[in-house]
Structure formats: C-alpha cells, structure tokens
Amino acid sequence: MTAYQLKPWTQVVTPHADILEGKLDNATYAAKLGSVIRNEDSCPLVYRDARKFFEATYLTGELKNLLESVLKRLAGEPGDRVLQLRTPFGGGKTHALVSLYHIAKSRSQLQNFPLLSNLPDPGEVSVAAFIGLDVNASTGIQVEDGPRILTPWGYLAWQLGGQQAYNFVKDNDENRIAPGNNEIRQILGDRPNLILMDEFLVYVENAMGLTVGDSTFGRQVLTFIQKLTEVVADRPKTVLVYSLQASVQEAVGNEGLLSTLDKLVARNDAKKEPVSGDEVMQVVQKRLFSDIGNPEIIKEVARQQAELFRKFRESYATTKQEKQEVEHQANLLAERIEYSYPFHPDLLDLMYHRWGSLPSYQRTRGALQFLASVIYSLKQTNDNSWLITPGNIDFNNEAVRNNFFSQVGERDAYNSVINADLIGRKAKVNAIDKRIANDSPAIAHLNVGSRLASAILMYSFGARGGEDRGVLEQDIAASCLASGLDRMTITAVLSDLRDELLYLHYVGKRYRFETKPNLNKLIADEESKVTGEEVLELIRNSLNQNLQNSRGKVVLWPKDSAAIPDRISQFIIVYLDPSWAEKSQEKVKEDALIWWENRGNDKRDYKNGLAFIVPNLAQMDKARKGARTALAIASLVAQKKKYKFSAEDGEELGTKEKEANSEVEAALRRLYEYIILPVFNPNIQPPNKLEIIDLHSQINTSHKLQERVFEALKNHVFDSLTPNKLLRISRLDGEEKDYIQAEELVSYFFRFPNYPKLLRVEPIKTAILQAIEKGNLGYVPAGTFTAGETPTVENAELISFNCKIPVDELDLSGYLLSSGLVNRLQEECKSANSSAEFMENAEDLAEELTPVDENLYSVSTGQTPVAKEDIKTVEYKSESSSIVRRVSVDIKDGKKAAKHYKLSSIANKNNIFQLFEVLQTLSDKAEDMVIEIKVKANTTHEFDPSWIRNAIEEPLDEMDIKAESHLE
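For the sequence shown, our numbering assigns the number 3 to the initial residue and increments by one for each residue that follows.
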C-alpha cells in the first residue's frame, strides 16, 4: 500500500453519534458523579447506565488495577484502604470514581462483561459519595424524605445507613462539630462500604468562611477528614477513594489549603493514577470513536508517517549515533500512532504535557470536548489528511476556537492575535499560503503557512517542566509532516511566518504567539524612512565586499562607457548597475555593443578583454527588500534607548538583522543572470558578435560571485597559453613573420577578438619563456636589435634561444624572433667574425685541409666562369657540433661560392620530423631543391608486403615521386 492509496482518517474511523450529530456541549463529556448517583435525565445515558458506561470506557491497566484493588479490600483482603486519585485528561479522576461506583453498586448488570468478569465480587456494597461542588457549605443538602443535612459526616452517614446511621452524628451535624472516631466506626461497622469523595477542596475553602464557636466550619471539616482516614484504614471492609486537585494551578492558587489537606491524609492514603503513559491515547480513542477502523490501514499510516519523520530527522543527524537514535524514535512513533490514531501523538502530548500546567485546562471534559469539536469540523470539510496533527486544527471554526480558548484561557487577549494572523480574509498567513501554492501546486492543498501557524499557536500555551514556552523548529516540523512536505519548504515557510506575521515571536530558537505585536510592524515603519539611494549603496557595498580579492579586474556599476578603462593588458569584468535589469535582452545587447565599441567619445582599442555581467530584476528586488529591512533594523538598534527594547527584543532584532543580511547575500549570489561576451566568428559579417552565457545554469555554487563568473567563462577566458599556440598566433613559425616586439604581441590578445581571451599577461610571458627554452623562439633586448626588411643584431650572443632565462629578464619592450631568423643572425655573425681570419689563413688552410669533390659547385651562376683549379673545397668541424661543413673557396679573392648548397644527413625515428622542419625552412629560401632520401627501416617482427605496398609505395606513386625499394 503506497502513500497515495492510503485513505484519509475521515474514511477510516467512525466517531460516536453525538459527534457526528454535532452535539458538542460540555455535558456530553462532563461526567458528574452526583448526576450519575441521582440518575438525572440531563446526565447522558452513557454515564448513568453501568453497562453502556463500561462499553465506552477503555479499561487501562491502571484503572483495572484500581478496580481490582478496591474490590479486594471491600471483600476484606488486606491492603491500602484510603486511595487518592490524580489523573490526566481522557481518564479523569471523576471517570475513575464513576467506574468504582458502577462496579460496586451495579455488579449484577455487569455479569458476563468480558473486561470485568475476572474481578473480585465482594457482594452487596454500601456506597456513599460526597461531591464538594454539589453541596452548599452554608445551607447543606436536603435529602429526599429526610432532614436537611449540614455536614459531610451527616450526609455520608445518611447514605451508608439511613436515619439509623445518621442518628450517630445528628448532634455533630446540626452543630457542625466533627464527630469522634467512635461515631465514625459505628457508622461504618464491619460491612463493605465504599466512600467516594470528589472536588473536596472547593467545599473546604467555602466552609472556612463559616464560624463555629472559636473555630471555623472549614477547620471542623479538615478534622473530620483526618479522623475518617484513620478509621477507614482500620476497618476491614471499608475503602475511601477521594480526589484532590493535582496541582497548585488546579487549586485555583489555594496552595496552603491543598498542602494542608494533602498532609492530613498522607499517612493513610496511597496515590493512584488510573491512566499512565500512552494509555491516555487509547482512552481518547474509545471515548470519541465507535469504530477505529481497519488495523492494517492504521498500521500502514503509522509506518509511512514514521518514514516521513525518519527522513526529516535524518537531515539534522550528523553522526552514526544520532542516526541510530532517529531510527529508534521513528519506530517508537509508528507504535504510538497505532495507539493514538487518528490523532498524531504530538497533538495529545502537547495537550497533556503543556496545557496540563494551565489553570484553565480541564483534563477530562474540556480536552475531550475540544477534540470532539476538531473531529466534527474536519469531517465537515472532508479533511484528507492521514492524521489529525497540531497543524490540522481549524481555528476558522467557531466551536473549535471557543473550545480551544476554554482550555488555554486568554480568549479576549488572543482574539486579535488570531484575527490578524490566522483567520479571516485579511489574515497575514493567507498571503503565504497563496505564495506556496503558486510555487508548489502539488502541496497547495496543505496550506503550509496556516498549517505551521496553527501548530505554533497550539504550542504557545503552557510548557514542559524546565522549558520555555514555544516550540523548536524540529518539533513543529515533525508534528506537521505530510506527504510532499520536505524540510526545505518547512524552513522557508517558517522564515516567511517570522517575517510577515504580526504576533509571532521567535526567541531562543522557539516559536510562539504572544498578545503583544512583534517587531515586524516597527520594522515596517522604519523601512518607509529608508531612501532608495541608501538601499543601493548597501547593495553596492555588499557586492564590493563579495568581489574583493577576486581574480581579474572588476568594474562595478560604471555610470557610462568612459568609466571602463581601456588599453590595459588585463581582462575586465564589468558588473552592470540595477538599471540594466529593467532592459530587455535585446536592448542590453544593443547598449553593451556601444560600450564595447567606444570609451566615451573615443573608439575603444582593447576590445578583447571585456565582459558585461547583467543583473536579474527579480533578484534585484529581493536584494532591495533585504537591504531595506537590514537598514531599518540597524536604525532601530541604534535607537534602542528610545524604544526601550527588552533583552528578548534585542535578541530578536539581532536575529532578524542577520536574516535580512543573509537575504541580501542570497540575492546577490543570484543577482547576476547572464554574461555578454564579445566573440570572434569568421563565418559571419562582421565577424564579431555578442554571445550570451547563462550564469544561473552553472554548477558552481561558490559564494564568491567572481568565481562563478569565471567558471561560466572557463571555455572562453583562459589563464594559460601553450608555446605552440603562441607560435601559431604570432606567425613566428616561419609562415609570415620573422620577428615582433613582445609588448605588441601582448596587446593583440587584449585588442583583437580573433585572439584567445586571457585573464592577464602572465600566461603570455610564461609561454614566451617556454618557447625560448624549447628553441621555438628567440628573444633579444630592444636596444640591440634593428628592425626592418633586413633585421640585424649587434651581437648574436645577446639572443636568448634554446635556453632558460629568468622571468625578470624578459622585458616586453624586446623582440621575439623566429627560429629561422635566429639561425640566420647567428650564422651571419659567425661568418662575419671568422671571415677576416679565414682570408688570412686561406692558403695554409687549403694546404692543410683535405680537398673534396671539385665538381661540387661547377654550375654557372650567370657571371664569368671561375676556373675549377682556382676553387678549393675546405672541410672543417667544431668539436662541440655534430655538423661536418664543406665550403668551396675561390683561392684568388677568398670569397665563398654561396649559390649552391648540398646537405646529407642521417636521422633516426626520433628526430625525423625535426629534420623535415629544417628542410621546409631551406625550401623557403631555395629557388629549386632536390632531395634524395635513403631509408633503412628495421623491425624485430616482419613487414607485411601488402602493407608496404598500400601504405608506402602507392602514395609515392600517386605523387609521381621516383623511388626504388628493396624488401628482404
């Protein structure tokens, strides 16, 4: 059975007919012992008829023990004979007294009653009852066909033995003088007697006002009670069961009298509590429902509600031990729901443990009447909840509201509270319900705002021992959980309630309603004094704080394009001001394009280092609201002496100020909606466009706005650059350029959209240094290099090439050289330096060096042929070089014959491609070039002839390249 298949409680249980018929008056639930004894027609039959009474009574273990104990004593067995009752609602002391009256007086009617069949039967029992509220201390009571009796001892004697027993104390009754122990013994005798006394404290208090000789009637009554308990304790078959108020509050403040009565009987009585623990829940079930429904459905409701609780509480648990405790609590909740169904245990707990401390709270009749009115109102509205929780209480229903105030008191004081915040067309909670319904239609039927507010009101009266009034977030949420209602929603709604309700207070992490307005109205009044400029200044300062110590350069809320700097080698993030949030996206792009193209009245030069961040209107409104509230609260705090705030007010203001600032921060984190970035697209004309990048779709949830911006820009703006990419972009790879000034190359990255966007200049410097180290680029200081069609360098040793240089030695005013230019410059310098020396020793060199092929350079150059005998080929090799050089020299004038160049080389598999790069460089300078390649390839396995043919020979054949191959 799944959650959506579960029936609501209204379709499972059957309330008693009096509830279904709307008979919710107090008499229905107010059992009166005197009315039962007198068999009055006004007393419901369910109380007067012994069998019907026990059919509607849940016989708790303690109540059954009480009945068994009393019956055994009436039969003469030893044990406590003076018993005091102190009971909670749902199994009240009067109910216990009625139970004793029926079991003793009408045992014959209860024959074969399953629950009572095993109890002792003492036979005929004389029953006497004295109910303090039924007897006037001044005038006494007129008995039928008898005298007017003035005292409790006279009335008890009459009930136990008629005129004969009354005669023992007649004089004592007429004179209002307590009888002695002997007279009391004569009245009781040795037969079974059950004496029931209820609401006795009220009677004694009234009797204190009557003078009797040098004493008072009240003193005489107290003396009688003391003597009665002493005699009863000594009688073999007499039992006295009486009730006193369970607390000082129930004693209407007469603490001294309660204490006196308690001490008078303390030596002889035993205190009994007919209902204990969770039995009270089943007592309520039995009294309010004729049929509790299908046990399997109830069990499944309990399981699923406990599962909701477990998931909710686990969101707060952090340790294994805490999670185990949550599991235990969830299992216990499932068990308790089965006892209390259709009520949530928390509803009965708060009434028992919290309301029980209130002087106005009626533990039995009032509590049952309140719950009956709740059942009736929810049945009328076809409530579809699994359980009746503290949040289901419908305070719009007049009967519910009246019975509620009858229990908790303070009706007049809290009428304005409920009207302002909870009920009626203008109640503050209605706006919250509507907002939640719009945001989350699936839980609209729960009316989450009203649900939580109603529960908080229930928890606002009374308190557990040692606790403050009110309820913690975890407890209020746990008692109101329903399918589809998660922690996030509950937390958000509680925050809304704090912000918008006028009488809800949040102090010491506890929620409660109070009769005095909270600080919301005072804050609202102060908010009206805050100017728009002050609000924007706070938002700007908060943004500025968030953006401090961030990567990149930030320009916050520039008033115009002139406020955005130009010609700086750094990527600039421009956070646009709130006015941009009110523009359409097309208008934003149009205006941003103007700012991108221009800086004030001048054309912008550095266009590739700019991004515009555009705010969101809804988030800006939230930021404004939070900022206005924060400023208002700060103003109130500054005026605390004027307003004379209490410590609680100060704490609440501090909490609200933190929440307002948190609201600003939360809005600022989502304030900026999208990025406008100029990009280069060669497929369109003009090739530059503005691209939109959605910020809200980013996974990064950093509190730092700038970090989320760069996360969104990570595929567009870079903080690194490879040497190869630098080489291609600079065209210093031999394709177009031989040299460029470094600072000019750097500017290109920030000027032209077809260049990569870089966060700063450091990645370019790093790439330059790496390229120099790898021998891809050369670097020469500015003063030593002459640019032009034929660039020159003063000294080849000033060129940094194929070596590592420190960062601080890289001056961007210097020049970057292609590797080809470096080689040429180095060769020229080397040739120039060695030319003079070579000419001076040409003849000696010619004699000492070995001649090589004299026909090597015999091709005509278009000038006067040089005789072969005048040309000598000289071979030389440096010790540090791998190159053997041969140069043909004219012996006559010492000039080099430099029209032809022949190179032979042996390369292996590892450097073959570097060889081809060198040959490509040579090809760029030569007008004609023939390359003869000899390849010797080996493998430890074997070459596949088919692969050789397809992969090697056929491609050569297609390119018409002559070749010979040999596979062996």
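Hint data in this document are derived by calculation from the structure and do not stem from the laboratory. Possibly wrong hints are sitting among the right ones.
To be verified - Lysine-lysine pairs mimicking BS3-like chemistry, simulated, CA-CA at most 30 Å apart: (1) 642 <-> 518; (2) 589 <-> 436; (3) 381 <-> 518.
Unchecked claim - Distance ranges between label pairs, derived from CB positions: (4) 796 <-> 941: 33 to 41 Å; (5) 693 <-> 526: 53 to 61 Å; (6) 649 <-> 80: 31 to 39 Å; (7) 488 <-> 421: 26 to 34 Å; (8) 905 <-> 693: 33 to 41 Å; (9) 956 <-> 717: 40 to 48 Å; (10) 467 <-> 550: 30 to 38 Å; (11) 421 <-> 164: 31 to 39 Å; (12) 82 <-> 334: 31 to 39 Å; (13) 717 <-> 523: 49 to 57 Å; (14) 806 <-> 786: 44 to 52 Å; (15) 746 <-> 949: 31 to 39 Å; (16) 956 <-> 904: 49 to 57 Å.
Just so it is clear, the structure is predicted and the values come from calculations on it, not from any experiment. Positions of the beta carbon are idealized from the N, C-alpha and C atoms, including for glycine.
For the pair residue 467 and residue 550, does the Cβ-Cβ distance stay inside 30 to 38 Å? violated, 51 Å
Assuming the hint says 31 to 39 Å, is it satisfied by the Cβ distance from residue 82 to residue 334 or not? Given range 31 to 39 Å: holds, Cβ gap about 33 Å.
Hint check for residue 904 and residue 956 - Cβ pair distance inside 49 to 57 Å: violated, 30 Å
Given hint residue 518 paired with residue 642 - CA-CA distance at most 30 Å: It holds: about 18 Å lies between the C-alpha atoms, which stays within 30 Å.
Return holds or violated for the Cβ distance of residue 746 and residue 949 against the range 31 to 39 Å. violated, 50 Å
Kindly confirm whether 49 to 57 Å is satisfied by the beta carbon distance between residue 717 and residue 523. holds, 51 Å
Indicate whether the distance between the beta carbons of residue 905 and residue 693 respects the range 33 to 41 Å. For residue 905 and residue 693 the Cβ distance comes to about 50 Å; the hint is violated.
I want to verify a distance hint. Is the separation of the beta carbons of residue 796 and residue 941 within 33 to 41 Å? violated, 52 Å
For the pair residue 649 and residue 80, does the Cβ-Cβ distance stay inside 31 to 39 Å? 59 Å Cβ-Cβ, so the 31 to 39 Å window is violated.
Distance restraint hint 53 to 61 Å, applied to the beta-carbon atoms of residue 693 and residue 526: violated, 44 Å
Would the hint linking residue 589 and residue 436 be met if the CA-CA limit is 30 Å? Status violated; Cα separation ~34 Å.
Hint check for residue 421 and residue 488 - Cβ pair distance inside 26 to 34 Å: Since residue 488 and residue 421 have Cβ atoms about 31 Å apart, the given range 26 to 34 Å holds.
Checked against the numbered hints above, the structure breaks hints 2, 3, 4, 5, 6, 8, 10, 11, 14, 15, 16 and satisfies the rest.
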